[in-house]
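The residues making up each chain are set out below.
Protein chains: 2
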Amino acid sequence: MENRVNRQILLASRPAGMPTADNFKFVETEMPQPSEGEVLIRTLYLSVDPYMRGRMNDRKSYVPPFALNEVITGGVVGEVVESRAENFQAGDIVTGMLGWQLYSVARADEAGMGAIMKVDPRLAPVTTALGVLGIPGLTAYFGLYDIGQPKEGETVVVSGAAGAVGTIVCQLAKFKGCRVVGVAGSDEKNAYLRDELGVDATINYKTAGDVRAALQEACPNGVDVYFDNVGGEISDAVLLLIRSRARIIICGQISMYNQEQLDMGLRVQPLLLINSALMQGFIVTDYAPRFAEGIMQMGGWLAAGKLKYAEHIVEGFENTPQAFLGLFTGENLGKQLVKVAD
Amino acid sequence: MENRVNRQILLASRPAGMPTADNFKFVETEMPQPSEGEVLIRTLYLSVDPYMRGRMNDRKSYVPPFALNEVITGGVVGEVVESRAENFQAGDIVTGMLGWQLYSVARADEAGMGAIMKVDPRLAPVTTALGVLGIPGLTAYFGLYDIGQPKEGETVVVSGAAGAVGTIVCQLAKFKGCRVVGVAGSDEKNAYLRDELGVDATINYKTAGDVRAALQEACPNGVDVYFDNVGGEISDAVLLLIRSRARIIICGQISMYNQEQLDMGLRVQPLLLINSALMQGFIVTDYAPRFAEGIMQMGGWLAAGKLKYAEHIVEGFENTPQAFLGLFTGENLGKQLVKVAD
Numbered sequence: 001m002e003n004r005v006n007r008q009i010l011l012a013s014r015p016a017g018m019p020t021a022d023n024f025k026f027v028e029t030e031m032p033q034p035s036e037g038e039v040l041i042r043t044l045y046l047s048v049d050p051y052m053r054g055r056m057n058d059r060k061s062y063v064p065p066f067a068l069n070e071v072i073t074g075g076v077v078g079e080v081v082e083s084r085a086e087n088f089q090a091g092d093i094v095t096g097m098l099g100w101q102l103y104s105v106a107r108a109d110e111a112g113m114g115a116i117m118k119v120d121p122r123l124a125p126v127t128t129a130l131g132v133l134g135i136p137g138l139t140a141y142f143g144l145y146d147i148g149q150p151k152e153g154e155t156v157v158v159s160g161a162a163g164a165v166g167t168i169v170c171q172l173a174k175f176k177g178c179r180v181v182g183v184a185g186s187d188e189k190n191a192y193l194r195d196e197l198g199v200d201a202t203i204n205y206k207t208a209g210d211v212r213a214a215l216q217e218a219c220p221n222g223v224d225v226y227f228d229n230v231g232g233e234i235s236d237a238v239l240l241l242i243r244s245r246a247r248i249i250i251c252g253q254i255s256m257y258n259q260e261q262l263d264m265g266l267r268v269q270p271l272l273l274i275n276s277a278l279m280q281g282f283i284v285t286d287y288a289p290r291f292a293e294g295i296m297q298m299g300g301w302l303a304a305g306k307l308k309y310a311e312h313i314v315e316g317f318e319n320t321p322q323a324f325l326g327l328f329t330g331e332n333l334g335k336q337l338v339k340v341a342d
Numbered sequence: 001m002e003n004r005v006n007r008q009i010l011l012a013s014r015p016a017g018m019p020t021a022d023n024f025k026f027v028e029t030e031m032p033q034p035s036e037g038e039v040l041i042r043t044l045y046l047s048v049d050p051y052m053r054g055r056m057n058d059r060k061s062y063v064p065p066f067a068l069n070e071v072i073t074g075g076v077v078g079e080v081v082e083s084r085a086e087n088f089q090a091g092d093i094v095t096g097m098l099g100w101q102l103y104s105v106a107r108a109d110e111a112g113m114g115a116i117m118k119v120d121p122r123l124a125p126v127t128t129a130l131g132v133l134g135i136p137g138l139t140a141y142f143g144l145y146d147i148g149q150p151k152e153g154e155t156v157v158v159s160g161a162a163g164a165v166g167t168i169v170c171q172l173a174k175f176k177g178c179r180v181v182g183v184a185g186s187d188e189k190n191a192y193l194r195d196e197l198g199v200d201a202t203i204n205y206k207t208a209g210d211v212r213a214a215l216q217e218a219c220p221n222g223v224d225v226y227f228d229n230v231g232g233e234i235s236d237a238v239l240l241l242i243r244s245r246a247r248i249i250i251c252g253q254i255s256m257y258n259q260e261q262l263d264m265g266l267r268v269q270p271l272l273l274i275n276s277a278l279m280q281g282f283i284v285t286d287y288a289p290r291f292a293e294g295i296m297q298m299g300g301w302l303a304a305g306k307l308k309y310a311e312h313i314v315e316g317f318e319n320t321p322q323a324f325l326g327l328f329t330g331e332n333l334g335k336q337l338v339k340v341a342d
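Here the protein sequences come in this chain order: A and B.
Numbering-wise, our numbering puts 101 at position 101 of the first sequence, and it's gapless, one number per residue.
Numbering-wise, our numbering puts 98 at position 98 of the second sequence, and it's gapless, one number per residue.
Just chain A, with the same shape it has in the complex (with noise of 0.2 Å):
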């Protein structure tokens, strides 16, 4: 620890609309020092996640607010440099919710959303931990399979299918023998999508003109699954061609998330009614019971290469704010991670 100071990114302000680089704050703290049962980390990854945009309101959402001036938490991929807990020892890999700063102190006993837990990197990739089978590989394998339950020769369509949690949805409704349906904001994104992960059909939102007449096109028996990320005026438009018993998984509204009022559009309750079918919010963490299943799950078909994952990687702590602004530009194919140190 020559390094005796800290580095730390604080939310300044609360960003009105969309965030900008002045509702961030760099400052330089002393060095934290674990106490008896704690462990120090020094940040190797950090994540970059549409839902902490949420956060930085000052208002109910799924997780309580981020406080001014503190610093901001998120999924840390990070090496144990000090331990003073029995189950840890320097050199261990650990992921858990830590912030966005160089080095992190936490307890090792601590159960839930504090928790921090090892990460075996002979078994992949350690910023896997983050993507594929960390936060949105779950929201992925829980939403899609739970909620949507999609049977083969169905037709599921995604929105924000080129993101961290899109692009493992488009796989596992594949496995399942379903027709699948992308839909992203740019031609390299869709062709990703078609070329490496197989998806059946694709539509660049910002480019098809009329997106509900491509959907209309690429999915000609209507639409069974709709997996949603983005909500707006993609999601009126896969809404009009749901079939009857169609299941809406709402998993992000990315589109959303900077809008200061409510949000205006088509009323959804009229076709969920001529089409028995259901729409259901979530958040992973309904799901943590059920979080060891998930990961062996995904583990087992990583191992087996069946499932692939992409990753958008900043280098830099100082880029933390830019690449999280980028989620809402649409700048990252697969998940967005910030690379803080070897």
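A portion of the hints provided could be inaccurate.
[Claimed, not checked] What follows is a list of derived Cβ distance ranges for each label pair:
| hint | chain 1 | residue 1 | chain 2 | residue 2 | range |
| --- | --- | --- | --- | --- | --- |
| 1 | A | G209 | B | R290 | 23 to 33 Å |
| 2 | B | N221 | A | R290 | 42 to 52 Å |
| 3 | A | E293 | B | A288 | 44 to 54 Å |
| 4 | B | A292 | A | G209 | 44 to 54 Å |
| 5 | A | G209 | B | T285 | 31 to 41 Å |
| 6 | B | A213 | A | E260 | 17 to 27 Å |
| 7 | B | R245 | A | A292 | 34 to 44 Å |
| 8 | B | P289 | A | R290 | 38 to 48 Å |
| 9 | A | A12 | B | A288 | 51 to 61 Å |
Calculated from the structure, these hints are not laboratory results.
Don't be surprised by glycine CBs; every beta carbon is placed ideally from N, CA and C.
Chain B: place on chain A using the hints.
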């Protein structure tokens, strides 16, 4: 059969927006004759229901559209006047999806939607076969208990609370020990809900002014279950108050049935997302295999005097279209029926 003439009401034209008397045409036709295996039924009571508005459009709804210039079909209670089928005899009281006409012929061995069933007038007034022990009652029973799953101490909001379905939903929710809040369109209806059915709080949406504020006052802990019969702005106001894991049952959208265009308003997806909430559209026939269970349960409560019901009976076949139109201006308290004959 002195009178050899039948009278029928046909759909003369498809309504644009709110239906009018001009959309219906009265005709006289020859008295139908039952063939072998059929019965001739004299209509005693006709049911007029909001869902029938959907069938007047030439577009997909839960059931196929009515054909132009054909007799309108709907729930009927009638008396067998001539039977050429083994299992029925003259004098039997039956119910089924028959026509807006004085006499109908039905096959005795029909199954599913076309079936006729005997009604025992010693168990309950025959009109209950079209209300509390018929489609509206079963709709309330399966929608609330199967989708809504209300638990003791939860808050249940019911829109269209004074209608055929709503009055039953309010009582079924009270059976579970819930706080029940009813929304209806007149002080008279609301007094009935409170004084007769034990509803905890009511809102007259026509005079409340700020419906959202009134709901907030009536639901200090938020809304766990919303049984929606009406849609539109009332629903927007309710949905802003849902709690985590709320269940929203989309049973009807009567405020929308006469709209010509897609309904625009509050997009519910962000609210479902942050609350891990479920919204489910349904039609009672989704539960057809469980109808016997529902009728037995409801019949037991009715016989025990635990379950109450209200009927709004218009006299005279010629007033059928008017009774139907009254549904959309909220004329009825409880089940709207037309008495055609004694």
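Verification of the hints:
Separation of A:G209 from B:R290 is about 47 Å and departs from the stated range, judged on CB atoms against 23 to 33 Å. Here the CB-CB span from B:N221 to A:R290 is close to 29 Å, at odds with the stated 42 to 52 Å. In this structure the supplied range 44 to 54 Å is violated for A:E293 paired with B:A288, their Cβ-Cβ distance being about 35 Å. Range check, B:A292 to A:G209: about 52 Å between beta-carbon atoms, so the 44 to 54 Å window is met.
Evaluation of the 31 to 41 Å hint for A:G209 and B:T285 yields a pass: the beta carbon distance comes to about 39 Å. Range check, B:A213 to A:E260: Cβ separation about 22 Å, and the 17 to 27 Å hint holds. Between B:R245 and A:A292 the CB atoms are about 23 Å apart, so this pair departs from the stated range of 34 to 44 Å. Between B:P289 and A:R290 the beta carbon distance is about 30 Å. The supplied range of 38 to 48 Å is therefore violated.
In this structure, A:A12 and B:A288 meet the distance hint of 51 to 61 Å, their C-beta atoms being roughly 59 Å apart.
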